[in-house]
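Undergrad: Below, each chain spelled out in residue letters.
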Amino acid sequence: MGAAFYIAAAIAILSTAMVITRYNIMHALLYLIVSLLSVAVIFYIYGAPFMAALEVIIYAGAIMVLMIFFVMMLNLGQQSAGDERHWLTPRVWIGPALLCLFLLAELVYLIMQPPAPPAGEIVMVDPKAVGKSLFGPYILAVELAGMLLMAGIVGAYHLGRQKKKITHRFLERATQ
Amino acid sequence: MNYWWIIGGVLFVLLNTAAGLIWLERRMLALWQDRYGPNRAGPFGLFIVLADTLKLFFKEDWIPPFADKVVFVFAPAIVVASVLMSFTVIPFGPNIMVADLNIGLLFFLAMSSLGVYSIVLGGWASNNKYALLGAMRGASQMISYEVFMGMALMGVVILSGSFNLREIVEAQRKIWFIVPQFLGFVIFLIAGIAETHRLPFDIPEAESELVAGFHSEYSGMKFGMFFIGEYLGVTLISAMLVTLYCGGWLGPDFLPGVVWFVLKTFVFISLFILLRASMPRPRYDQLMEYGWKVLFPLSLLNLMATAAIVLSLK
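These protein sequences, in sequence, are chains A and B.
Counting from 1, position 164 in the first sequence corresponds to residue 164 in the numbering used here; the numbering is continuous, with no gaps.
Counting from 1, position 6 in the second sequence corresponds to residue 6 in the numbering used here; the numbering is continuous, with no gaps.
Same shape as in the complex, but just chain B (with noise of 0.2 Å):
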């Protein structure tokens, strides 16, 4: 009984997250850019988000004639999916996680590789050449950050000699992988930046050059799932970070575990949006190079050191 209800109690408050996500990104980039945001609806403009999503139910659910319409329609639904079954391995309390597999870092791993099928085949089942192209840039981008993104958490693995994400967290009592892992944690939050394709890395939407990219053809709910899928994903990643390298939900005693992750994964979503506030978007080539020339091998140097230290401290 005690398990449906972690379960239950993890989507809720990811849904939720999710949508309030919309309400906050809007805040907090009119905070920063000086001007107000939404603020008429309710308190602080909060009803923003139950007006979006009315919105979004009411618009015309259109599949384009010349779309591919099995395709088209089960796209977006991939995105949500694969983010929200990476979650079931994090562990958000001492004894709250879904699921405690021995493998979790490598699923969380699967998911987000499954996830770059979203963006490939919305786009490709849109038949449209704008779609189709930010659907081709997603795919390259995905599939190259994704390499060191497992390259760069390979340092977290060795310390802690596990894959599994509670025993990740256990072995932070000491001190948090993000000192000794620094690098990696560099790598891994850029190469998280590209995977949920957020600024500035939404080559793959880029709506000045693209219309909006591989989700040009959307509208509706199935638009709302790639969003809903966006905020679900920098949450994920967000996650990510603070389990693997800030510790968890380990913290001072006088606040229970649970507080402890939520504040400080809270802390690395006001840092993606500080980011989308901050960065200009780079050229598609220089995104690549970048990735391949300058983070690829960085990553495999991180490893090879991390390795090596390990192996002359036994």
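Here chain A stands alone, though its shape is the one from the complex (with noise of 0.2 Å):
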């Protein structure tokens, strides 16, 4: 158990510090596939396979290929890397870089505080378990994000809406 979760622990680091530093982006999008799987990986070896499924499903295999869709779609492959060159320079990174060095100082201070909690016994959560305290004490924020989504699903449907043109003669519909 240790020693996996170590490992994808590693992992997890190693390609979220990768996606920072790439210059291309189409490759600092796959480091970060490979991220977020890692992740599942720690969230499976710690009891919760359905939020790894989920991870996996949801995150590494809907929303990135969405963005590496929309990467796709503008073109930013080798000709931006050089933009992204000139936009990371120490200046630039070294504020943001202190503040989170900070943030993981305290983090750190916090793990090493005496009494850590008894690392007690991996509980399970199956997907039972998750659906019923989704639809039981959460209910509220379930129907929340229901609510935020039908209004992307709205806005995306207003925003994409035209009139269908077909120049072509013989395509022309018979309704017209």
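None of these hints come from the bench; they were simulated from the model.
Relax, there's no trap hidden among the hints.
Subject to a maximum C-alpha distance of 27 Å in a straight line, what follows is the list of computed DSSO-like cross-link-like pairs (lysine-lysine):
id: 1; chain 1: B; residue 1: K314; chain 2: A; residue 2: K128
id: 2; chain 1: B; residue 1: K59; chain 2: B; residue 2: K129
id: 3; chain 1: B; residue 1: K59; chain 2: B; residue 2: K69
id: 4; chain 1: B; residue 1: K174; chain 2: A; residue 2: K128
id: 5; chain 1: B; residue 1: K129; chain 2: B; residue 2: K69
id: 6; chain 1: B; residue 1: K314; chain 2: B; residue 2: K174
id: 7; chain 1: B; residue 1: K55; chain 2: B; residue 2: K69
id: 8; chain 1: B; residue 1: K314; chain 2: A; residue 2: K132
Residues of chain B clear of chain A, computed beta-carbon distances all greater than 12 Å:
id: 9; residue: G8
id: 10; residue: R27
id: 11; residue: W32
id: 12; residue: A51
id: 13; residue: L56
id: 14; residue: K174
id: 15; residue: L189
id: 16; residue: I190
id: 17; residue: V267
id: 18; residue: L271
id: 19; residue: R276
id: 20; residue: L298
Note that the coordinates shown come from a computational prediction; the quantities given were computed from them, not determined experimentally.
Note that beta-carbon positions come from the ideal geometry of N, C-alpha and C, so glycine has one too.
Combine both chains into one complex, guided by the hints.
TA: Right, here's the structure in full:
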């Protein structure tokens, strides 16, 4: 168990670092996928197989595909690598990096703080339990997320709607 | 030890099936189109598989200078790896199963959603406009068909009460799920064809408009990987159809479970090949419209109706 966790965690950290430092945006996205997959492995090890599956299906399998899709449409491959190199100067990243360093120090301090919670047995959370808690105590959050998604769908429909224009004389609809 | 035998056996059978399907598909297409097909090399032309493989191995393994080399090389591996990973959760017989995962069905969905990357990355890394067009079509087709592929499967999950494929098979002792879940079966079949981008939904390749779509720039064994991956995908979808809707390895006692599983899978593989021989390819926008406006509402309806009936019978 321990070894699997450390390997997955190391891959996650390494690949996330690669996401930040790659100049080619496509390569950065690929490293982000690897990072998500390793997080899924960690979920699986610590008794949340359902979350692990969702992480792969939704984040790695759907959202990242869409991101890659956009990058493909915008044609931001090697051409944008030069821009990135131009933008990623120490002057830009040193501020946020320092702030993150402080946060990291705080995190390490909190973890080192004495009464560390007893590392008890790993409790398996099966899909049924996830569903029960989602539609039990957290029903409000589910409803709110549903409303947000609905707004998104309506907005996307509004933006994407356009009258079909068919200029070819053979393809013109009979109902005009 | 027994465990390794199962893994080895499954791999051996699968890879040989995928190779054998090349011959089977050509022969059956020929049969349905009233011609002979490959019948020279070996008995019934079976050695055509060998000849094909040899040809692929000896072809120049060319990486275009304008391609993104690393991505170009590993894109074909993704499709084979993700399909082979999916096979780990399928119960081939009463005790023949590589991984008895509690989330088996979700694992299958996860792996099939990762399979999209091979098309997208292969098309993008080729840096060729036809490949890019194929990749974009592939991405949008597979993402949208994946949505209601999952939706259609939820009917089975409701009936059996589990994501574990072994338990799903066991739950079909009384009646195969194809009877109460016929709509789900049809939707899953259509989504499965789209997911493996076989004809009539081979829009990412569409050789009459896009040269060869996302794998235009590939040659040699890299192309072979896409080729084998497609046949493995056909086998996977057939095996999933059998497991989820047609009772898996269940069958009358005079034959062992594995044999029933193989026979049923073979029937669906033949169906896939027959589809290729008989259906024209729809236009790209027709495919998307059909998916989102017909199949998606139908799968939602199926899910709600199944849930309501199961709840009222409780």
